[in-house]
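Protein chains in written order, with the working numbering: chain A, 1 to 220; chain B, 1001 to 1413.
Rather than coming from a laboratory, the hints here were simulated on the basis of the structure.
Relax, there's no trap hidden among the hints.
Chain B side only, calculated, beta carbon under 7 Å to chain A, not exhaustive:
| id | residue |
| --- | --- |
| 1 | 1209 |
| 2 | 1313 |
| 3 | 1314 |
| 4 | 1374 |
| 5 | 1381 |
| 6 | 1382 |
| 7 | 1385 |
Glycine is no exception: its CB is placed at the ideal position from the N, C-alpha and C atoms.
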Amino acid sequence: MPRIYIHPLPVRIWHWINALGFVALILTGIQIRYADRLGLVSFRNAVHLHNWIGFVLVANFFIWFLFYVFSDKIRVYHPELSPMKHFRGSLRQLQYYGYGIFRGDPNPHHVSAYHKFNPLQSTTYQIIMLLVVPLQFFTGLMLWDLERFSAAVEFFGGVRVVDTVHVLCFIFFVGFIFIHPYLSSLARPPSAHFKAMLTGYEEVEEEPGQGDAGRIDTPP
Amino acid sequence: MQVKPRLGSGAYHLPQEGAAMGRSRNQGAATRTRLLQGPLFRLIAALPFLFATSFAADAAESTLSAADNACLGCHSIEGLAKQLPDGEAMSLQVPGDAFAKSVHRLIGCTGCHAGIDLAKHAAATSDIRSLRQYSIERAETCRLCHQAAAEQHEASVHAARARAGNTLAPVCTGCHGSHSVSPRTAYETCARCHAADLGAHSQWLPNAKLHHAVVACAACHAPAALRMLDLRLYDGATNKWVVEKEDSPRFEQMASAADADRNGLDAAELRNLLREINHDAAVTPRTLRGRVELRVGVEAHLLADKAHAIRACDSCHRYGAEPFQNVTVSITRSDGRPLRYPAQREILGSTLAIESLPEFYAIGGTRSVFLDSLFILALVAGIGIPIGHLTVKWLFRKQRARRDRQGRADGAG
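Given the sequences, and given the hints that come with them, work out the whole structure.
Pasting the structure below:
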C-alpha cells in the first residue's frame, strides 16, 4: 500500500505535546475546580502544575503557528478557497459520519499531502486553533496573575467573565478530548491515523481517479 | 525655649518657643505659655486655650462636648509631653480632630480617663514608669467595655508574646491607637507592624497582593474564628468604595425593597438591586467587590501563631467552603464601617452572578452551577457519542457485510 508523508516533524512534535498537555491541563483543571470532590493532588500543586503546563503549551502553540505561517503546508487548511464548496464538503462529511459510515459508504475525503484534512476537520481545527485555544491561553494567563493583567481583566468585564470563558473552553476540550481520538479511529485500519501521527506517513488505498490521493510524498 | 519644670517623678514640657497657639496653626499666631506648678492653676491656665489655642480643638469643637474641649485646651498643644523615669517622652497631645472622628468621641475623655481629679491634675506624682507599662495598664480600661475582645486577646499570640516579655507585642493601643480609634481594615492595622511579612507571603502564596486585598488578615491568622464573605459596593469610575450618604441613607431601604421575601437577597434580587443602584450611574457601573472577613469582627483578636494560620488553599477554593456559607452585601458608612444586608449563598454560583458579581470569583469556591452542568454534559457527550456511534456501527454490521459481498460480486462479475 502506498504511503504519503502528511505530518511533518514539527507538526507531530506539536501534536503530541499538545495532546499530553491538554489531558494534563484537563485533569489538573478538574482537580482545581472540583477540589471538594477530587483529592488526587493538593489544590496548590494542581495550580502550580496547571500553570507550568499552560506555559509549555503556549510555547508549543507557536511551534504549530510558526510552522504553518512560514511553510506552504498552510494549504492543508485551505485546499478549497470557495466557502460554499467548503461548506458543501463539510455537510457531505457530516453525512458520512452520521449515516454513510454505518452503511459502508466510502469516505468522501481522500487524503493527500495537501488534503490531509476533510472539510469538516479543516473548519473545526481552524476554529479551535485560531479562536478557542488562544482564548483558553489568554484567559488562563489572566487568571494566572490577576494583578499583572488587571487592566485586561477589567476590559473583559471582570474576573468572573474571564473565568467563565476559560471554563467554557475547558468544557469544550473535555468533549473534544474523547471525540477527537474516536474520530481518528474511524480510518481503515483503526490505527492508521495514530500511526501516521507518530511516523508522519499514512498508508492510503489506491483508488484510481481520486485526484492526487495516490501520490507518494517524501519528507522535506 | 523649652520649659521643663520638674514635678515629682514626671516632667511636662510645652512645645518649642514659637509654637502655634492661635485659632489655627495656619494662621501662625504664636503664643507662649509656661507650665504652671499648681494643679488648680494649671486648670485655670488651660481655660484660655479652650477657644483660642489649638487647631485640633477648633476642628473638634462642633462634635465634642465642652468638657472634652476643656481637656483639649491643654492636650491639643503640639509637643505637650511627659518625661518618664526611663527617659522616654510620653506625648500628652491628643489630636482633637481625630478624636472627634473616632468611635470613642461619644464617651468623651472621661469615658476612659475617669479617674482624673481636676483638683490634682496634672498629678504631682505619677506612677507611670514607661510607655509600655502605661499601655498595659490602660488595656484594663479597654476591658471595662470590651470584655469579649480582651478575653480573646488574652488567648492570642500577641498576648502570649507580651506575657513572655516581648515589648513589641501589641496590647489594645498597639493596634487600635489611643485617641483616634476608628474602623480600619485589618490590613491597615496589621500592615503597620507586619509590612515585611506581607511581602513574605508572595514566596508561597500565588497572587499574594490580590489575596491581601480580598482576604482580611485575621481570616487566615485567626483560624478559630468563623468567616464570611462581604460583597461591598465599589465605584469603578472613582476607584473608591461607595460611601453611604449620612444625611440620606438609602442602601438598606433599597436592599430591603429588593428582598421581597425577606430571606436575604437571592440572585435575581441582587441583580435587581444593582440595576437600581446603577440606574443613574456613569458608564462605569458600581459593582460589588468581595472580601473574606470574620463573621464576628471581635474574633479578630483570636490571632494564632503563624504556624497555626490557615495555609490550605482549599479553605476557600473549594465548593461549599466555610467563608461562602455566610454572605452579605454592604455599603461603606461615612465612618468607614460597613452597613451590611444579608444575601443568600447561592448568589455566588448563580448564572446571574456574571452580571451582578463580575469582579468577584474564587476559583473552585464560587463556581457556577450552570457551568458544572455543562461540564457533565460535555463529559457524557464525550464518552457517550463514541459509544453510541460504535453501537450503531455494530448494529449495521450485517448491512455493511452484505454490501461488501455485493460489491465484490459485482466486481467479479
